[in-house]
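Enquirer: Those protein sequence lines, which keep their order, are chains A and B. Take 1 as the starting number for the first sequence in the numbering used here and just add one per residue. Take 150 as the starting number for the second sequence in the numbering used here and just add one per residue.
Bear in mind the hints are in silico, worked out from the structure with no lab data behind them. The beta-carbon is built from N, C-alpha and C at its ideal position, and this holds for glycine as well. Fair warning: there could be bad hints in the mix.
[Stated by the list, open to error] If you want the footprint, here are the derived chain A segments under chain B, 3+ residues with CB under 8 angstroms: (1) 11–22; (2) 36–43; (3) 58–68; (4) 92–99; (5) 117–128.
[Claimed, not checked] DEER-style ranges, computed between Cβ atoms: (6) K247/B - P132/A: 30 to 38 angstroms; (7) R63/A - H208/B: 22 to 30 angstroms; (8) T64/A - P205/B: 42 to 50 angstroms.
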Amino acid sequence: MTDANNSGRNWLPLLGFLAAGAAIGINFVAFNMPVGPIGVWSSLALAVLALVLLFLGVARAFRTGRGKILSSLVGVVTLLACALSLFGFWSARKLPSSSAAPQVGQKAPDFTMTDSTGKQVSLVQLLVAPLPNGASPKATLLVFYRGYW
Amino acid sequence: MKEYESAGVRAVAISVDSPQTNADLMKKAGYTFTFLSDPNTEVIKRYDLLHKGAGPEGHDISRPAEFLLDSSGTVRWTNFTEDIRVRPRAEEMLAAAKAIK
């Protein structure tokens with residue numbers, strides 16, 4: 001390492017910490033509203049970047065002998081933040097296989113459920129009942145979702 | 150949502166939430182499409198979408214999934230996300246709906 005690298009403050013642990021914070025921030029937003037694949041993968045990339053910066057920063061602190069305690073403290077917090085972010089990444093992708101779900105070309109299983117006004121509604125009804133604009137429906141989109149709580 | 154309707158698509162949202170929760174959500178968010186309740190995950194199981202223990206306090210809920218059916222009830226398009234943070238784009242679904250005569 002050159003002298004230039006050893007002079008000035010060691011910003012690497014702080015940068016790592018900021019990257020880890022950004023990764024958590026993206027995850028937090030993503031669990032509440034769709035961010036798309038770019039947002040999802042950037043949270044993973046940021047967590048990995050945070051770990052790399054942290055490693056380089058702490059290694060540098062120990063090599064130069066300056067800021068060993070501070071960089072280690074920042075390092076522990078960054079590690080926890082990365083772990084949380086990676087856990088979020090993993091748990092968001094832990095989904096059942098749904099291998100027996102209806103496939104394209106198959107008939108969708110019929111059902112009867114209660115709507116928001118307390119009325120019983122069947123799939124057969126939904127397929128043919130007129131739309132609010134009076135037209136007969138061409139297609140029905142079933143959106144299963146996790147629930148609003 | 151108007152876009153769906155003009156494409157001849159009826160949107161139906163299904164979850165474990167109660168009719169009352171759905172009514173509150175519709176009022177709050179101004180949604181006009183149909184919300185159906187499957188509190189005992191009967192239909193969710195029939196569609197093999199049960200996500201065990203993934204809800205609050207370990208309740209079973211539905212995984213996110215979308216099915217586009219034609220008027221005979223045949224599945225014409227599906228979407229199973231691999232990540233609950235990634236949700237389908239309306240344009241994709243509308244394109245599938247346009248392909249149905």
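Enquirer: Hints numbered earlier in the text: which of these fail when held up against the supplied structure?
Expert: 1, 3, 6, 7
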